[in-house]
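K.L.:
Residue numbers (our numbering), protein chains in the order written: chain A, 1 to 670; chain B, 1 to 198; chain C, 1 to 99.
No lab work stands behind these hints: they were computed from the structure.
Possibly wrong hints are sitting among the right ones.
[Unchecked claim] List time: in silico SDA-like cross-link candidates among lysine to any residue, alpha-carbon distance up to 25 Å: (1) A/LYS170 x A/PHE607; (2) C/LYS86 x B/MET106; (3) B/LYS138 x C/CYS70; (4) C/LYS86 x B/ARG24; (5) A/LYS170 x A/PHE150; (6) C/LYS86 x A/THR66; (7) C/LYS86 x B/VAL69; (8) A/LYS589 x A/PHE150; (9) A/LYS204 x A/THR66.
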Amino acid sequence: MATTTFAWIVLLCPLVGTILIGGSFKVLKGRTAGVIGTAVIGLAFAFAIATLISLLGHGPQQRELTSSVWDYARTLNIDARMSILVDPLSVFMMLVVTGVSMLIHLYSVAYMASDRGYTRFFAYLNFFVFSMLLLVLAANFILLIAGWAFVGAASYMLISFWYRRTTATKAGLKAFVINVVGDVGLVLGTFFIFGHTGTVDFVKTFHTVPHVFVRDSPDLVAGAMFLLVGAFAKSAQVPLHTWLPDAMEGPTPVSALIHAATMVTAGVYIIARMHVIFELAPAAADVGAIIGGATLLIAASIGLVVTDLKRVIAYSTMSQIGYMVMAVSVGAYSAGLYHLMTHAFFKALLFMAAGSVISAMGGVQSLDRMGGFRKAMPFTFGAFLIGGLALCGLPPFSGWLSKDDIIGFLDHRGGGFLILGVVGYVGTLMTAIYTFRMIFRTFFGEPVPEARELQEGHLHHVDVPVNPANGEVEELDVGFPGPEHHIAERAMPMKVAMSGLALLAIVGGVAQVPGVDHALSSFLDTTFADSTIIRDEHSTSAAWIGLIIGAAIALAGIGIAYRVWVVAPGTSAKLIERFAPIHKFLINKWYFDEAIDFLIVRPTLWFGRFGNTAIERVLVAGVITGGTVSIVRACGALVRRAQTGFLRYYAAAVLAGITLTALYFLITSS
Amino acid sequence: MSAVFFFLGAIGALAGAIGVVMLRNPFYSVLSLVFHLISLAALFLLLRAEFVAAAQVVVYAGAVMVLYVFVVAYVGGGEELPSGGGLRILGPLFALVLAIELCIAMLGSALKGISGKGAPYIPGFGSPRQIGTLFLTKYLFPFEVASLLLLVAAIGAVVLARRRRGLEPDEEFETKLHTPLSHRIGSMAESVGARRDS
Amino acid sequence: MAIGWYLVVSALIFAIGAAGVLTRRNPLVILLCLELMLNAANLALVAFARMHGNADGQIFALIVMVVAACEVTVGLGLIVAMYRRKLPIDVDELNELNG
Numbered sequence: 001m002a003t004t005t006f007a008w009i010v011l012l013c014p015l016v017g018t019i020l021i022g023g024s025f026k027v028l029k030g031r032t033a034g035v036i037g038t039a040v041i042g043l044a045f046a047f048a049i050a051t052l053i054s055l056l057g058h059g060p061q062q063r064e065l066t067s068s069v070w071d072y073a074r075t076l077n078i079d080a081r082m083s084i085l086v087d088p089l090s091v092f093m094m095l096v097v098t099g100v101s102m103l104i105h106l107y108s109v110a111y112m113a114s115d116r117g118y119t120r121f122f123a124y125l126n127f128f129v130f131s132m133l134l135l136v137l138a139a140n141f142i143l144l145i146a147g148w149a150f151v152g153a154a155s156y157m158l159i160s161f162w163y164r165r166t167t168a169t170k171a172g173l174k175a176f177v178i179n180v181v182g183d184v185g186l187v188l189g190t191f192f193i194f195g196h197t198g199t200v201d202f203v204k205t206f207h208t209v210p211h212v213f214v215r216d217s218p219d220l221v222a223g224a225m226f227l228l229v230g231a232f233a234k235s236a237q238v239p240l241h242t243w244l245p246d247a248m249e250g251p252t253p254v255s256a257l258i259h260a261a262t263m264v265t266a267g268v269y270i271i272a273r274m275h276v277i278f279e280l281a282p283a284a285a286d287v288g289a290i291i292g293g294a295t296l297l298i299a300a301s302i303g304l305v306v307t308d309l310k311r312v313i314a315y316s317t318m319s320q321i322g323y324m325v326m327a328v329s330v331g332a333y334s335a336g337l338y339h340l341m342t343h344a345f346f347k348a349l350l351f352m353a354a355g356s357v358i359s360a361m362g363g364v365q366s367l368d369r370m371g372g373f374r375k376a377m378p379f380t381f382g383a384f385l386i387g388g389l390a391l392c393g394l395p396p397f398s399g400w401l402s403k404d405d406i407i408g409f410l411d412h413r414g415g416g417f418l419i420l421g422v423v424g425y426v427g428t429l430m431t432a433i434y435t436f437r438m439i440f441r442t443f444f445g446e447p448v449p450e451a452r453e454l455q456e457g458h459l460h461h462v463d464v465p466v467n468p469a470n471g472e473v474e475e476l477d478v479g480f481p482g483p484e485h486h487i488a489e490r491a492m493p494m495k496v497a498m499s500g501l502a503l504l505a506i507v508g509g510v511a512q513v514p515g516v517d518h519a520l521s522s523f524l525d526t527t528f529a530d531s532t533i534i535r536d537e538h539s540t541s542a543a544w545i546g547l548i549i550g551a552a553i554a555l556a557g558i559g560i561a562y563r564v565w566v567v568a569p570g571t572s573a574k575l576i577e578r579f580a581p582i583h584k585f586l587i588n589k590w591y592f593d594e595a596i597d598f599l600i601v602r603p604t605l606w607f608g609r610f611g612n613t614a615i616e617r618v619l620v621a622g623v624i625t626g627g628t629v630s631i632v633r634a635c636g637a638l639v640r641r642a643q644t645g646f647l648r649y650y651a652a653a654v655l656a657g658i659t660l661t662a663l664y665f666l667i668t669s670s
Numbered sequence: 001m002s003a004v005f006f007f008l009g010a011i012g013a014l015a016g017a018i019g020v021v022m023l024r025n026p027f028y029s030v031l032s033l034v035f036h037l038i039s040l041a042a043l044f045l046l047l048r049a050e051f052v053a054a055a056q057v058v059v060y061a062g063a064v065m066v067l068y069v070f071v072v073a074y075v076g077g078g079e080e081l082p083s084g085g086g087l088r089i090l091g092p093l094f095a096l097v098l099a100i101e102l103c104i105a106m107l108g109s110a111l112k113g114i115s116g117k118g119a120p121y122i123p124g125f126g127s128p129r130q131i132g133t134l135f136l137t138k139y140l141f142p143f144e145v146a147s148l149l150l151l152v153a154a155i156g157a158v159v160l161a162r163r164r165r166g167l168e169p170d171e172e173f174e175t176k177l178h179t180p181l182s183h184r185i186g187s188m189a190e191s192v193g194a195r196r197d198s
Numbered sequence: 001m002a003i004g005w006y007l008v009v010s011a012l013i014f015a016i017g018a019a020g021v022l023t024r025r026n027p028l029v030i031l032l033c034l035e036l037m038l039n040a041a042n043l044a045l046v047a048f049a050r051m052h053g054n055a056d057g058q059i060f061a062l063i064v065m066v067v068a069a070c071e072v073t074v075g076l077g078l079i080v081a082m083y084r085r086k087l088p089i090d091v092d093e094l095n096e097l098n099g
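Generate coordinates for the entire structure from the input sequences, incorporating the hints supplied.
P.N.:
So this is what it looks like as structure tokens:
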């Protein structure tokens, strides 16, 4: 079979899954939906591997294959086809997406088991995987935008999965609105580029762009900036990041899949895919790098103080994606994508472990109420620890190699990028601190009542289900989380999934060890062969020095965290007291929400209200509609006066008509 | 000689017409119309339309007008209130304009044939024989349709004017008639009391 | 006499009839004025028949008379019906058949 056929099957598998599960929604009992969903994605993963093998069968220069099924827009010379592009980048993304999704599906089979909306969950999840695959496999801007929009929709559906919780629906709306801003940016960027190149197909665009645009030409920069807006909205970079922490209202598998491993990486993917455009518009690429660096720091700083377990991990995601955005903006494509892959592994693992902990707590997510779960949940602790170490970037975990690959590249490029390299190291320090803050606070210290219950073998059960965010009392019906909570120690699917990811987090780094092998970069090189950024391999020794520095900084961070939270437990309270203004600033998330509310939401609402009262009511309803109606009514009233009912008036009218007609004929005939 | 008769007939017709329009008592109007019809018959005779003249006198003046007389007697003349509204002036004005226009049309235009005295007289023109032949050959269809029309009219008149069973007593009509009726509501049936849902 | 005279008489009778229709309020008299108008038309028809020399106009005039008779019948039937139901015999009062 041709490579592209495999790719089409990969794309179609989750779609079939969605339709199957969604269609037989009423008849599927128990965990059938989960099994179908996972099996479908497993099949997709198998075919993704087949695609990889098949692609490797082609020579290195023939690895850009397109296959189109349907030509659906043949007007005005727009060559919009339903076609997919199979090249190393898309195959790489495909593998990551299907692989991690498969494990998360497996996890959800057990985790969501008592939820009344189980079937719906898997239908949505499969739909999401389909949309993400569509996004990465798209061969033209149109399909990319379609996949982008679907992914946004799937994200909305999954965030507000427990739709009877007001906090969840609000969060879903917030995510969707910000995503729409990104969609607009993406579409506008497409227009700007298309306006000059005249084609929406990727391969053709990338060949045409260098001929049509000069370096930093205004239209190109504008287009690239709009694309960046789209990327930032999807990848939760500053200032379009405010939706991601709120998106933690969704179930934990959703956070793992969408907001750690796949959807938020779409922005990174798009910058990597459009690297030709960004390299020709360094102004935009620099903006991307700076925003990535800024997000890195901002998110890490907020992660130091937030008290909700999932939100710490969310800010960590934001921060790590800052690394990736930085990387692909400056030209470190393989490094950025490498980090994408390893991040998918350990972040999904972290979320899964966090889900297990939250289940043990009966749905409560606040760090303030957790402690001492080490003995009660050894497996979860182990998984969390592995994920955390990988995140901090300690040897030999995969995160170490990938993160320092990025920083090494930045240092090597020199100039202004050195500052970003330093930023990267600062980020490493903060990452280590907040990660181990989480671990120490959750698993060390005095066991909390729930942990003690669990040590005695009894999983904490909540009598009155309550929304952890605002304390509202809930029910156990559909639209709310189910009555039972599942922890990893007791559910085999969860254990299997987490073990798989842990393994990958540990050994995933072997793909690209400096000096030893560069399987990943050589695989991805063919996609980025037309990059104009000088990427001579920096020497292995420089790479290893960077790795050692990174590991040292991470260890330092872990040490600080140990000091503050384990050795001297009151230290953090004292620090908060001493640096109260900074703490307040950080815990209010740098006041981004308030700023956006003030600058954008309020004026928009005001404008909407003004539009309603002034324009809508007065102009449209009053003048235009009302005016037209009253004119018609007046005319009708006028005409109605002729309907008097008086016989003689009618006779007079007839007579007048005859007279006038005769007059007319008289005049015309003479 | 024929001119004298013409003028007599014309003046009679016009006088009768004016009488119909101007006389207040409807009975007098009917009689005036009878006079008008007979004058017209005279004019027809002058135009060599003997059968038509005879038919006019016998049918029109004789039968139709007698019917009229009966109805007027039944319904009663009554005082007629003066006509209101602008039509008191406008009515005659319209008519005057129409008359002038028709005259201009007929006399001032290119109707050349009018200036002559007409076609030469063929004996038998206008005789019953000719009329009958035409009716039964060339104009058979209008003849039959006209008779059908008469039948329908007769039946219609009977249906319209018959007495219905179960008519309400008088005072309800009076009260109904005195309530102010808006132009846009109500219906004839309601006002005649045939429908009881007012 | 030239045909034109007859036609003028016909026009005048028609106009008088029209004036009567517009002016009078008693439906009986309005019907009478309608008869006047029909008679004017009859006169014109017969005059033209004489002018052309064929009797088609006279046939037409006879048919017109038949129609006039029918119309009078039905109209008088209406007036009798009105009278029977104690409605005012006045076209200005009977003005609900409108819209």
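K.L.:
When you check the alpha-carbon spacing of C/LYS86 and B/VAL69, does it fall within 25 Å?
P.N.:
The hint holds at about 20 Å.
K.L.:
Between A/LYS170 and A/PHE607, is the straight-line Cα distance small enough, at 25 Å or below?
P.N.:
21 Å, holds
K.L.:
Holds or violated: are the alpha carbons of A/LYS204 and A/THR66 at most 25 Å from each other?
P.N.:
11 Å, holds
K.L.:
Given the hinted pair C/LYS86 and B/MET106, is their Cα-Cα distance within 25 Å?
P.N.:
Measuring from Cα to Cα gives roughly 46 Å; hence the hint is violated.
K.L.:
Below or equal to 25 Å on CA atoms is what counts here, so check A/LYS589 against A/PHE150.
P.N.:
29 Å, violated
K.L.:
Taking only the CA atoms, is the gap from B/LYS138 to C/CYS70 under or equal to 25 Å?
P.N.:
With a Cα-Cα distance of about 23 Å, the restraint between B/LYS138 and C/CYS70 holds, given a limit of 25 Å.
K.L.:
Check the hint pairing C/LYS86 with B/ARG24 against an upper bound of 25 Å on the C-alpha distance.
P.N.:
21 Å, holds
K.L.:
Are the Cα atoms of A/LYS170 and A/PHE150 separated by 25 Å or less?
P.N.:
19 Å, holds
K.L.:
With the threshold set at 25 Å, check whether the alpha-carbon distance from C/LYS86 to A/THR66 stays at or below it.
P.N.:
Between C/LYS86 and A/THR66 the Cα gap is close to 93 Å, so the pair fails against 25 Å, i.e. violated.
When each numbered hint is compared with the structure, violations occur for hints 2, 6, 8.
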